[in-house]
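Participant: Sequence:
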Amino acid sequence: MIEKMHFVNIVGPLKSFDTFVIQSFIPHEIQLENAYNILHSVKGLFKFDDENPYQKLEEKVNKLGEVADVVFEYDDTAPVGIMPVHMLEPEIEGYERQIETIKHISSSLREDLEYKIQLRNQIIPIQNLDVKVNELFDFDYMKFRFGSMAIDNFKKLQDYIEAMDVIAFEVSRTDKLVYLFYFTPRTKKFNIDSLFASLYFTRIRLSNDIKGYPKQTLEKLNEEIEELTLRVEELDQQSKSYIQKHIKRIQELYTYVAQLNGTFDVRSMAVRSKDAFYMTGWVADSELAAFKEKMDAFPSVTCVFEDDDTNKNSRPPTKLRNNWFFKPFEPVVKMYGTPSYNEFDPTVFVAITYMLMFGGMFGDVGQGLVISLIGYLLYRRSQNALGQVMIYLGGASVFFGFIYGSFFGDDHLLGNLLNYKPINSMENMMEMLGSAIVLGVVLILIVMLINIRNAYKQKNIAKMLFDRNGVAGLIFYLAVLGITLSVVLNVDVHPLVVILFVVAPLVLIFLAHPLDNWIQKKEHIFPQDKGSYIIEAVFELVETLLAFLSNTISFMRVGAFALNHVGFFLVFKILSEMVSKTDNSINGVLVMFFGNILILGLEGLIVGIQGIRLEYYELFSRFFEGEGTEFKPFTIKKIIK
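By our numbering, the letter at position 564 of the sequence shown is numbered 578, and the numbering carries on one by one without gaps.
Simulated from the structure, these hints should not be mistaken for laboratory data. Each hint should be verified, as a subset may be incorrect.
Calculated pairs, SDA-like style, for lysine to any residue (alpha carbon to alpha carbon, straight line, at most 25 angstroms) [to be verified]: (1) LYS157 with THR216; (2) LYS157 with ASN222; (3) LYS536 with ILE588; (4) LYS157 with GLU125; (5) LYS471 with ARG335.
Pairwise CB distance ranges, derived in the manner of DEER restraints [unchecked claim]: (6) ILE366 with ILE548: 35 to 43 angstroms; (7) VAL362 with THR649: 48 to 56 angstroms; (8) ALA574 with GLU639: 26 to 34 angstroms; (9) ILE620 with PHE62: 51 to 59 angstroms; (10) ILE175 with GLU128: 53 to 61 angstroms; (11) GLU307 with HIS118: 48 to 56 angstroms; (12) ASN430 with ASN356: 52 to 60 angstroms.
Yeah, the Cβ is synthetic: ideal placement off N, Cα and C, and Gly gets one too.
Please model the entire structure based on the sequences and the hints provided.
Facilitator: This is the structure we're talking about:
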């Protein structure tokens with residue numbers, strides 16, 4: 015069903031805006047309307063143009079939480095007071111300054127640590143060199159280079175090095191690289207550097223800060239690195255301990271800031287004067303009493319409520335309210351469209367008819383239980399409405415499975431066990447197809463009555479009386495059904511009956527548009543281009559006749575798929591018996607097992623789609639417009655981190 019809505023106008027002092035929004039507005043489901051669009055003609059009102067000061071504050075609090083590996087989450091159930099920004103900002107910045115002081119010291123130590131690690135990485139390859147590194151920089155006529163090259167290239171180097179003015183010796187090696195020094199006269203360095211570059215020598219520059227014997231320097235660096243690492247860790251722990259010590263208060267500040275930041279968006283839908291704010295929106299009937307009770311705490315704020323049919327400035331949104339059993343079928347309705355506020359909510363109708371059609375087309379106790387089990391597992395894992403729908407569809411399949419006596423394709427097992435005679439689809443083929451058509455006729459009549467009800471609620475008299483799915487169409491359809499039945503039963507029909515209940519309704523449907531203009535007292539009852547109108551009306555009338563016929567016959571697929579379901583099982587049963595005779599019984603069982611999986615997956619999907627098609631094309635098209643606006647109450651957006 016669609017819940018009744020009330021339009022609310024809220025006026026209050028500007029200084030109470032944040033407090034009112036957080037304590038009285040947010041706890042209830044209210045959809046905001048743009049107050050400026052409604053009140054733009056009122057002088058002295060203008061939009062809020064304040065800059066949001068709370069967004070940066072929320073970011074700052076989140077960064078404080080990151081220091082202690084804490085992720086703050088907005089709790090909309092926590093009791094909250096109101097703190098103005100001039101009180102929030104200094105307190106948050108106080109915590110921030112303390113952390114920044116520690117971070118500044120830690121940052122300086124980290125830079126020193128990173129530099130010493132770089133020095134250590136330079137020394138490690140030459141740690142066994144028995145020469146003071148700083149003395150290598152004191153040669154007047156020699157240049158040295160330190161670096162690495164591939165082992166294969168180092169072997170090639172030996173073929174050139176004897177004939178050139180260079181001394182190269184290996185310092186250390188890994189599985190793939192050789193670390194080496196080479197010395198050459200300053201006057202030859204360009205030629206020698208080119209030779210080594212051609213062999214992909216990678217130079218490693220030694221820092222001037224490396225002094226003394228490499229081994230001793232490395233030991234000293236390791237001690238300094240260990241000491242710096244411990245100091246940095248201590249400072250990090252100091253930051254965490256400081257935040258954890260004040261975490262309760264910081265969480266409170268986050269809640270304040272998150273609420274104020276979230277509710278700041280309300281300003282985009284409200285307007286203000288010099289001293290007051292104005293808000294408008296829709297509140298559901300179920301929330302109305304509680305909201306009015308909350309308003310007692312704000313005597314300075316005035317609320318004026320209007321009924322849905324008295325407000326002309328805003329179209330009521332649609333809030334569906336169905337019980338737990340039918341609610342999973344709401345997404346099926348919304349895939350077609352959201353019901354308008356004064357339109358019939360087809361959720362319950364869809365739930366009953368879809369289960370009825372699915373079960374009729376796919377009636378099998380065993381496979382129905384499997385569908386319900388899959389739906390249960392899907393719902394348990396993802397809380398998806400599809401899982402709940404599958405549970406219900408599986409239940410419908412089980413119900414019709416008992417009627418058909420089918421258990422994983424065996425149409426004798428249940429009847430023998432429970433001692434009853436099920437309906438055999440193949441033996442009652444014509445009855446199955448006839449029952450499907452009767453089902454279609456009943457459903458079409460129901461949806462036409464729903465369409466008449468919708469037109470009445472919408473105060474559209476012409477649609478109610480002259481539409482092909484209105485009173486005229488209903489009388490015509492019933493008359494045609496009656497005449498068809500009379501022909502079958504060989505009963506004479508008086509010509510006056512045909513004129514009154516077949517021809518007259520068709521004439522009214524043909525003249526639906528002029529009659530609508532006449533009811534609305536328009537100046538021109540018939541359009542100026544009468545020829546085009548007549549041609550268009552004739553085609554619409556023919557389309558109406560074809561639609562009645564095709565929609566009714568279309569429901570034969572319910573019976574046809576029930577027969578198809580049995581036929582599929584019969585094919586695999588024959589194959590199973592053939593395999594069992596020529597091979598062995600185990601392979602026959604495997605054939606039936608594979609057949610059940612194929613039927614469950616392929617036919618189950620097809621039947622599900624066909625059921626949706628019947629709902630949308632044969633039923634919804636007759637009464638459901640789906641042009642409503644879904645009810646979307648204002649909520650504080652939770653930031654996903």
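Participant: Using the Cβ atoms, figure out if ILE366 sits within 35 to 43 angstroms of ILE548.
Facilitator: holds, 42 angstroms
Participant: Against the 25 angstroms threshold, does the CA-CA distance of LYS536 and ILE588 hold or violate the hint?
Facilitator: Violated, at about 70 angstroms.
Participant: For LYS157 and ASN222, compute the direct alpha-carbon distance and say whether it is at most 25 angstroms.
Facilitator: Holds, at about 15 angstroms.
Participant: Looking only at beta-carbon atoms, does the pair ILE620, PHE62 fall within the given range of 51 to 59 angstroms?
Facilitator: Cβ of ILE620 to Cβ of PHE62: about 55 angstroms, so the range 51 to 59 angstroms holds.
Participant: Taking 52 to 60 angstroms as the stated bounds, is the beta-carbon spacing between ASN430 and ASN356 within them?
Facilitator: holds, 54 angstroms
Participant: Cβ-Cβ distance between ALA574 and GLU639: within 26 to 34 angstroms?
Facilitator: holds, 30 angstroms
Participant: Holds or violated: are the alpha carbons of LYS157 and THR216 at most 25 angstroms from each other?
Facilitator: It holds: about 16 angstroms lies between the C-alpha atoms, which stays within 25 angstroms.
Participant: Sort out whether GLU125 lies within 25 angstroms of LYS157, counting only the CA atoms.
Facilitator: violated, 31 angstroms
Participant: Okay, VAL362 versus THR649 on CB: inside 48 to 56 angstroms?
Facilitator: With Cβ atoms ~28 angstroms apart, the hint is violated.
Participant: Is LYS471 within 25 angstroms of ARG335, Cα to Cα?
Facilitator: holds, 19 angstroms
Participant: Should the hint that ILE175 and GLU128 are 53 to 61 angstroms apart at their CB atoms be regarded as holding?
Facilitator: violated, 37 angstroms
Participant: Given the hint of 48 to 56 angstroms, check if GLU307 and HIS118 actually sit that far apart at their C-beta atoms.
Facilitator: This hint holds: roughly 53 angstroms between Cβ atoms.
When held up to the earlier numbered hints, the structure conflicts with 3, 4, 7, 10 and fits the remainder.
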